[in-house]
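Visitor: Residue numbers (the working numbering), protein chains in the order written: chain F, 84 to 480; chain W, -4 to 189; chain H, 118 to 293.
Careful: at least some of the hints might be erroneous.
Taking lysine to any residue pairs in the SDA-like style, the calculated list, with each CA pair at most 20 Å apart, reads [claimed, not checked]:
#  : chain 1 : residue 1 : chain 2 : residue 2
1  : H       : 273       : W       : 130
2  : H       : 265       : F       : 433
3  : H       : 208       : F       : 437
4  : W       : 126       : H       : 277
5  : W       : 54        : F       : 298
6  : F       : 323       : H       : 168
7  : W       : 54        : F       : 249
8  : W       : 54        : F       : 241
9  : H       : 273       : W       : 86
10 : H       : 200       : F       : 320
11 : W       : 126       : H       : 278
12 : W       : 126       : H       : 272
13 : W       : 54        : F       : 246
14 : F       : 457       : F       : 315
15 : W       : 126       : H       : 273
16 : W       : 54        : F       : 254
Honestly, the hints are just simulated from the structure, not real lab data.
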Amino acid sequence: MTSPTTPNTPPKNHGQATLADGPVFETKIEQVGEHEMILNMGPQHPSTHGVLRVVLKLDGEVITEAVPDVGYLHRGLEKLSENRTYPMNIVLSDRNDYLSAMNNNWAFCLAVEKLLKVEIPSRAEFIRVIVGELNRIASHMVFYGTYGIDLGAFTPFLYSFGRDREEILDLFEEICGARITYNFIRVGGVMLDAPEGWIERVKAFVDRMAPRLVEYDKLLTLNPIFIDRNLGIGRLPAEKALALGLTGPNLRASGPALDLRKDHPYSVYKEFHFDVPVGKGGGDCYDRFMVRRQEITESLKIVRQACEKIPSGPVMGKVGRVYRPPAGEVFAQLEAPRGWLGSYLVSDGTERPYRHHIRAPSFINLQALSDLVKGLKVADTVAVLGSLDFVLGEVDR
Amino acid sequence: MTSGFDILHGLRRHKIVGGELFLTTVDFFVDWGRKSSIWPLTFGLACCAIEMMASFASKFDFDRMGVFPRPTPRQADLLIISGTVVKKMAPAVERLYQEMPSPRFVVSMGACSNCGGPYYDSYSVAKGVDKIIPVDVYIPGCPPRPEALYTAVQTLQEKIDAYWDAGKQILKPVPPSEEALKKINEAAISARGS
Amino acid sequence: MFPVNLVIEISQRIHRVTLPGEKPNYVRDPESFLTVLPSNLHDVCLALREFPDYLFDLPLQMTAVDFINEKVFELVYYLYSSKLRQGIIVKTQVPRTAPEIESVSDIWPGMDWQEREVYDLFGVKFRNHPNLKRIMMWEGFSGHPLRKDYVHQTDKYDSGLEIGTPGLDERGVPIP
C-alpha cells in the first residue's frame, strides 16, 4: 500500500452532536442506560494538564466508565527525527516532556553515546546530574502547584511555581540561556561550563529550600481538606500497576521500589547517597503525592553532594561537529521525573537516525486512568488526573 | 493642574471644588475599560503554556495589568494560543474562538502557533493558527519569555485604543502620509551615512 | 547490564526460540534479546511472564521499525522483570504486505495503547485486541505516517513542506 485510495477527511469537531445525526464522537461508549449520561471533559479544560479529552459515562455523579482520547498534541516527533541530524534532534527532544527538558536531552544523548562509544569527562557527568536533579525538583514543584490548583488551593502554586521554581529557572538561565527548553546536554558532554560562582549559587539555593519545604507541608501536605480529598482515592495495587507498565513515582507509590538511579545506575549516580521513597498506603493519590514530595528532599541531597564532589576539567568529550554513528541499534534509559524514559535508536550509518522511538512514561502511565476512576465522583477524576502527573507533550509526542 | 486639553490622554481635566473633573469621549472611556481588563481564556496547549502560567504566577504577576484568566470562553475576551496547534485540535480552536463574545482578540504565542515552528515539516501540525482564526498579535520565541507576553498585551492595548473609533479621530494621532514617510526615510538614511 | 546467558537459558527452556543472527558490523548495546517467529510470539510472552524464575511482569516498551529494503516490519518488545531486575528484548518480523500478529494485551494490559499506536502509525494489525482504533491521528485519516513510503496529502492546514509530500525529495527540498 503505497498511496491511500481514499482522500483524507479532515478532523471532525468533536462533541458537535446535533440530534439529527446522533452521537458523533469517535470514542464510542456502547449502551448508555436510562439513568446514565455521557460527559465530555473536552480538550480545553481549566486544569492545566494540556489537551486531553476524557469521555465519562456517569450514573448520577458516579463514574461507570472513562475513555481517554489522546492525540491532540501529536506532532509527529518520531517521523521528524528521521529528517533531522543528531544535534537537531536534541532540540526536538526538549519539547517532548517540556517540564523536565534536561532529562529528555540526556536520554537521547545517552543513546547516541552508546552507539558512538564516546568518553564523557567527569565534570560533564556531574553537571549533568546537577541540572537533571534540579529539573526534577522543578518538575515536582509544578506538580505540587498545579495539583493544589486542581483541588482548589491556589496559594501553593504561587509559592512553588512562582517563587522557588523561578529561582531554579534563573540558575538554568545563567548556565545555558533558556528557561524551559534548554538544548544543553549534548552528545559527549554538556554545551558550556558553569559560569563563575554558579556552583555556589546552587548550594545557596539548596540551603534556602529546606525551610521552604516545611512551608509546603504546612500549606498542602498536612492540610486536612487535602488529606480528605486524597486519602483512599484511586488505589492501584502493585501487580496491576506493574502489568499496566507504570514506572516512576506512580509505581513506587504502589509498592515496588523500582528506581533506575539505584537499580541500574547510569552516569555517576553510584557516588551519591540517597533513598528512594515508597508509598505505604496501597497506592492512592496521597501516596503518589507524598512520593513526589519526598523525592524533592532526596534530589536536594543529591544536588548538594554533587556540588561538593564536582571535579574540574573539560566539559565536552571528543566528538566532531557532524557525527555518523555506526549502523546499529541501542536502548538507553534514565529515570525521568515521570518514570522510565527510554530511547530506542536505530542508526543506518548516516548522520540522521533511521528510527528513533521514545518510550514516554506519561503515555503508558495514562493507561491506568480508565481503571482508577471507576466508581469515583467527577471531582475525584481531577484528583486522579493530577496525581498521575503526565505531560501531554510526552503522551502524544 | 488647572483646566487644559490633555491631548495625549484624550481627556480634559478641570479642577473643581472637592477634586477633579474629567471630560472625555465615550470612545476613550470604553477603550480604557476594555484594555485595562483583558481576560484571557485558560487555553494552554504545549510548552508555551508553561510560560503563560509563569506570567500569571507571582514573579511576573499579570493581574496588575488587569489580566486574569477565565476558564470558559463565554467570559473571556482574549484567546492566547500558546503551543502547537495540531490538526486534530484545530476544530476545537475554531469552535472556542466562535464561542467567545465580541470584541475578542487573539494572540499567537510562540513559533508553533505563528507558523508551525520547529514542526514545519510535520504531517499533523497546522502551520500557524492564522490558517484557522484571525490573529491580532504574534509573539516570536520558543518559548517566549513572560516579558514578551507582557509586550504582546501592551501592543494589544494600543490596538484596542484604536478599536472603537467613532470615525472622528479628534484625539488620536494622525499617521504620517506617504510623502512625509518618504521624507522621514530619506532623512534617516542620509543621517546614517550609508 | 543484562547477562547474555539469560538468553541461552530461556532458549533452552522455550524451544520455539531462535538465537539472534548477527548483521555484519552491526553495533548493538550488549543486551540479551530473543528473535521469535510471529506465530510463536504470544506463547513465548506468556511463558516469559509465567515462569516462576523469570516473571517478566513489566511491559516497558513496544515499537516497530520499518525496514523497507528488507520488506519487513520488525516489532520490538522490551520486557522487564521487577523480581530479577532484568530486562529482555523480544523481536519478531512481520512482512510489510500482510502485517498481522497476535496481540499480547491480554498478557499485559500495558501493551494496549502501545499496540494501538503501532497500528495507527505503521498499519500492523493485532488480532484479538480489545479496541484496535487509531489513537494519535483522527478517525478518517487515511495512511500510516511512520512508514517510509508514506505519501502525504496536503490539506488546508499545510504549507507544502511536509515529509512525504510528492514533489519533495527525501530531505524536504522541492525537486525542481
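Visitor: Determine which of the earlier numbered hints do not hold for this structure and return their numbers in increasing order.
Guide: none
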